[in-house]
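Asks: Produce the entire structure from the sequences given, and follow the hints as far as they go.
Taken in order, these protein sequences are the chains called A and B. The first sequence begins at 1 in the working numbering and counts up one residue at a time. The second sequence begins at 1001 in the working numbering and counts up one residue at a time.
No lab work stands behind these hints: they were computed from the structure. Just so it is clear, the structure is predicted and the values come from calculations on it, not from any experiment. Take the hints with a grain of salt, since some may be wrong.
A few chain B residues facing chain A, derived, Cβ under 8 angstroms [what the hints assert, rightly or not]:
1. T1002
2. D1006
3. A1010
4. L1018
5. Q1020
6. P1021
7. D1022
8. A1025
9. D1026
10. L1032
11. A1036
12. L1039
13. I1084
Here a beta-carbon is modelled for each residue, glycine too, at the ideal position from N, C-alpha and C.
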Amino acid sequence: MSGYVLDDLALIAGLAGTGSEHHRRELSRLLHGAIDGGPALEVPAFCLTAAALVRPVLFDHLADILAAAPPAAIDVCGLTRTSHLDALRAFRPGLGWPATHAAAHALTTGLPVLTVDADRYTGLGVDVLTL
Amino acid sequence: MTAADDRARAHALVDDLLGQPDQAADRAVAVLHAHAAALAWVRDTTGAYPAPASVAARLDSVAERLRSGDDERDPVAALGQAAIDAHRSTAAA
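Replies: Pasting the structure below:
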């Protein structure tokens, strides 16, 4: 399985209008690719919530795209208590919930986190890529 | 609606929200996919997850040059070779 865990910072940069034109177009390419069978995009629910606080209409836009895309191309994943989550909370208690959710999902799936701030995940034991 | 209609609608929604990708975005995402594939190779070949810091740093450096246009090589070949070289260096150290 290939894909990316999109964190709240990538969502905000790409979808909330706070990032560069390049961020938007890069995320556009990723979404088009996922719709066409390319790497899937996994969106932790807490990351989507954080991004929607910046631009509330994001919920509707992303849900519309998800509902029209092939199954599992774009997925909004819930937060579940796992050993990964417990370890992250113990190791980095000050990390916000969106980043914690993204890191926990990355640890569970083995997928890299896609963000605009790779330093945020330093020492958390996940592969990180920058949008 | 057929699956093809759904896909067409999904593509149109993405374009409405974000605009169409351009050549720079195509290149950046090609590099991103190759970078992810190189990390997956490291994981599958060595069992290391996440990639060792020295390997990750080497891949980041190559990916940055590929994105910026300073390096015009094929991203899959360039990052694949970088992963192999970095892995060998780490194993030999």
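Asks: Holds or violated: the hint that D1006 (chain B) contacts chain A, with Cβ atoms closer than 8 angstroms.
Replies: This interface hint holds because 5 angstroms falls under the 8 angstroms limit.
Asks: Should the interface hint for A1010 (chain B) be scored as holding, given a Cβ-Cβ cut-off of 8 angstroms against chain A?
Replies: This interface hint holds because 4 angstroms falls under the 8 angstroms limit.
Asks: Less than 8 angstroms between beta-carbons is the criterion; does P1021 (chain B) satisfy it with respect to chain A?
Replies: With a closest approach of 4 angstroms, the P1021 (chain B) hint holds.
Asks: With chain A as the partner, please determine if Q1020 (chain B) meets the hint condition of a C-beta pair closer than 8 angstroms.
Replies: Holds: closest Cβ of chain A sits about 7 angstroms from Q1020 (chain B), inside 8 angstroms.
Asks: Quick check on T1002 (chain B) please, does its C-beta sit within 8 angstroms of some C-beta on chain A?
Replies: This hint is violated: T1002 (chain B) lies away from chain A, its Cβ roughly 12 angstroms from the closest one there, beyond 8 angstroms.
Asks: Hint A1025 (chain B) vs chain A: min CB-CB distance below 8 angstroms?
Replies: OK, holds: A1025 (chain B) within 8 angstroms of chain A, min 4 angstroms.
Asks: Is the hint on A1036 (chain B) kept, meaning its closest Cβ partner in chain A is under 8 angstroms away?
Replies: At 6 angstroms from the nearest chain A Cβ, A1036 (chain B) passes the 8 angstroms test, so the hint holds.
Asks: Under 8 angstroms, Cβ to Cβ, is where I1084 (chain B) needs to be relative to chain A, so tell me if that hint holds or is violated.
Replies: violated, 17 angstroms
Asks: Let me know if the C-beta of L1032 (chain B) comes in closer than 8 angstroms to any C-beta of chain A, holds or violated.
Replies: holds, 6 angstroms
Asks: Close enough to count: is the Cβ of D1026 (chain B) nearer than 8 angstroms to one in chain A?
Replies: holds, 6 angstroms
Asks: Can we keep the L1039 (chain B) interface hint, with Cβ of chain A closer than 8 angstroms?
Replies: holds, 5 angstroms
Asks: Take the shortest C-beta to C-beta distance between L1018 (chain B) and chain A; is it under 8 angstroms?
Replies: Where the cut-off is 8 angstroms and the nearest Cβ of chain A is about 4 angstroms from L1018 (chain B), the hint holds.
Comparing the model with each earlier hint shows violations of hints 1 and 13; every other hint is respected.
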